[in-house]
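Here's the letter readout for the chains.
There are 2 protein chains.
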Amino acid sequence: MTAPDRRPIGVFDSGIGGLTVVRALMDRLPFENILYFGDTARVPYGSKSVSTIQSYTRQIAEFLLARDVKALIIACNTMAAVAADIVREVAGDVPVLDVIDAGSRAAAAASRSGDIAVIATPTTINANAYARAIHQINPDARVYSQACPLFVPLVEEGWLDHAVTRLTAEEYLKTVLIENVDTLVLGCTHYPLLKPLLADVAGGGIELVDSAVTTAESTAQTLGALNLLNGPSPETHYRYFVTDIPLKFQTIGERFLGRSIQRLEMVNL
Amino acid sequence: MTAPDRRPIGVFDSGIGGLTVVRALMDRLPFENILYFGDTARVPYGSKSVSTIQSYTRQIAEFLLARDVKALIIACNTMAAVAADIVREVAGDVPVLDVIDAGSRAAAAASRSGDIAVIATPTTINANAYARAIHQINPDARVYSQACPLFVPLVEEGWLDHAVTRLTAEEYLKTVLIENVDTLVLGCTHYPLLKPLLADVAGGGIELVDSAVTTAESTAQTLGALNLLNGPSPETHYRYFVTDIPLKFQTIGERFLGRSIQRLEMVNL
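Sequence lines, in order, name chains P and R.
Offset between the first sequence (1-based) and our numbering: plus 999.
Offset between the second sequence (1-based) and our numbering: plus 999.
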C-alpha cells in the first residue's frame, strides 16, 4: 500500500470546453485535486495553424508541470491531434492522457460493425488523428469524418436544444449517417452538451462516444496502475487558470462544469 | 495642387472581416496603396476582455505606423468600440477612421423616424458604442441593439444563403424588428456578406447600412480634405500582413475581398 498522492491532476484546453472533462473527472475521481488551464485569450485553436498550436501547447504544459502535477490531461481535441507528442516530450515521466486516445479506444471497443463516425472541429478532422488512432486498434475499421465548425459557437450561444442547432446537426450528420455507422464519436469537448440532441438526430442503434467520460475512465485506470491515486480526503482543491476572462465566462463555464467555479485566476503566458 | 501622396492607407482588423472594408476602399479609391493587417493568430477579439483588446490594438497600430501609413482605418467594430482612443493617441497627426464612426453617421443620416437597429458581436453591443455615437449626432434617436454571435461563424462556414442562417437571422432580428425601425446597421465587418439574406429577413422599408461602404466613403472625404489622396498611378500596391495563416484562409479571405490575395506575409507581433 503506497501513500496517497495529493498532487493535482493538470487538465488543459484552449478555452472552456475542457471543463466537460473536469466534470467527468470530478464524478469519476472525487478525491483528486485538479488544476485547470484554459487559454481563453487565444481560443479558438481549431482555426489556427499547426505550428502556432504546437507552440501554445508547449507553453501550457510547461506552466502546469511547474506546478507539480502528477498527470497531464490534454482536454482539447485540437491540441491532442497535432501536439500530443510535444506534451509527452516535455512531460518526461509524468503520464499524459488525451481525449483522442481515450475516445478512439472507446469507439473501437463499442463498434460491432467497425463503421465509425467522428465529428469534430476542422483542424481535428484535417489532422486525421481519430482515424489514425482507431486504425491502430482495429485496422479493419472504416472511419467517416465530418467537420462541424458551427457546433462550438452554437454551444456557447446556449442553443443546446434549438431548431437552428437541430437543422445544423441534420446537415452535418447527413454525410456520415448515410454510411450506416453504429458509433458516433463526439470529437470535441464542447459536444457533450449537445449529446441529447445529437442522439436524437442520429437515431436509435447508434452509440455516442463522449470523450470526456472516456478520458476520465482512462485517467482512473492509469493513475491506479501507477499508484498515483489520492486517498479519501476531507476537502478537494480545484483551481482554474485562464489567460483572459471574457464576457459570460462564468455563465458558460458553469454550464460546462455543472457546478460553480471558485478560485478563478488570470495569468499571462 | 499638391503632389500625390503615394504612402499607403493602413487598414486593420482582428482577422479577415476587415477585407470587406478593403474591398470597398479598392472600389471607391482605386489609386490608393493599401497595407492590411489581420491578427489571425488571436482572432476573434469579440469574446476577449477590454484590456486584452486594447493592448492588441496598440501593437497593431504601432506596426502600421512604423510602415509610414498616411491614414489608419480601424476595420473592426470590436476594436473601434473599445480601443479607438488608444489608436488616435498613438497615431498623433495621422488621421484615424473607424467603422463605428462612419456607420453611425450614415445611420443617423439615413433614418427618417430615428428608430435605428444595430446588430453586432456581443463585445461591440455591450460596449454600447453605436448607440453613443448615434446619440451624439441625433440625441432624439432610439437605438435598438442585438448581439448576433453566430453570424461570424456562419459567414466563415460559407452558409451565406442557407436555411440555418435564415432561421438564425429571424431569431436575432425578431427583437429589433418589433420596434418598427427604418434602418439596420450591420455593425460587424463580416455582415456585408449576409446583406441579401438580411435585407430579405428585414423586409421592405428598412435601409441596411453597410459600414464597409460608409467607411470607404468617409476615407475618401477625409483624405481629400487633408490633401492626402494619391494621383492616378500605373500600378497599385496591396500588401496583407497576418499573424497566422489558418485553414481555408485564402478561400475565405478571397470571398471577403472579392478578388485574389497576393503578397500575403506572416508576421509575429
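Don't read these hints as lab results, they were simulated from the structure.
One or more hints might be untrue.
What the hints assert, rightly or not - Here are the simulated DSBU-like pairs of lysine-lysine, each with C-alpha atoms no more than 35 Å apart in a straight line:
no.: 1; chain 1: R; residue 1: K1247; chain 2: P; residue 2: K1194
no.: 2; chain 1: R; residue 1: K1173; chain 2: P; residue 2: K1247
no.: 3; chain 1: R; residue 1: K1069; chain 2: P; residue 2: K1247
no.: 4; chain 1: P; residue 1: K1194; chain 2: R; residue 2: K1173
no.: 5; chain 1: R; residue 1: K1247; chain 2: P; residue 2: K1173
no.: 6; chain 1: R; residue 1: K1069; chain 2: P; residue 2: K1173
no.: 7; chain 1: R; residue 1: K1069; chain 2: P; residue 2: K1194
no.: 8; chain 1: P; residue 1: K1173; chain 2: R; residue 2: K1173
no.: 9; chain 1: P; residue 1: K1069; chain 2: P; residue 2: K1247
no.: 10; chain 1: R; residue 1: K1247; chain 2: P; residue 2: K1247
no.: 11; chain 1: P; residue 1: K1194; chain 2: P; residue 2: K1173
Quantities reported herein were computed from a predicted structural model and do not represent experimental measurements.
Right, here's what the structure says about each hint:
1. At roughly 28 Å between alpha-carbon atoms, K1247(R) and K1194(P) fall within 35 Å of each other, so this suggested pair holds.
2. Under the criterion of a C-alpha separation no larger than 35 Å, the hint pairing K1173(R) with K1247(P) is consistent with the structure, at around 22 Å.
3. Our distance criterion of 35 Å between C-alpha atoms is broken by K1069(R) and K1247(P), whose separation comes to about 38 Å.
4. For the given pair, K1194(P) sits about 28 Å from K1173(R) by alpha-carbon distance, which is consistent with the 35 Å threshold.
5. For the given pair, K1247(R) sits about 23 Å from K1173(P) by alpha-carbon distance, which is consistent with the 35 Å threshold.
6. Restraint check for K1069(R) and K1173(P): the C-alpha separation of about 51 Å exceeds 35 Å, so the hint is violated.
7. This hinted pair does not check out: K1069(R) and K1194(P) have alpha carbons roughly 53 Å apart, beyond 35 Å.
8. Proximity of K1173(P) to K1173(R) is assessed by CA-CA distance (about 30 Å); at most 35 Å being required, the pair is judged to hold.
9. Taken as a hint, the K1069(P) and K1247(P) pair is honoured in the structure, with Cα atoms around 31 Å apart against an allowance of 35 Å.
10. Distance check on the hinted pair: K1247(R) and K1247(P) sit about 29 Å apart at the alpha-carbon level, within 35 Å; holds.
11. This hinted pair checks out: K1194(P) and K1173(P) have alpha carbons roughly 17 Å apart, not beyond 35 Å.
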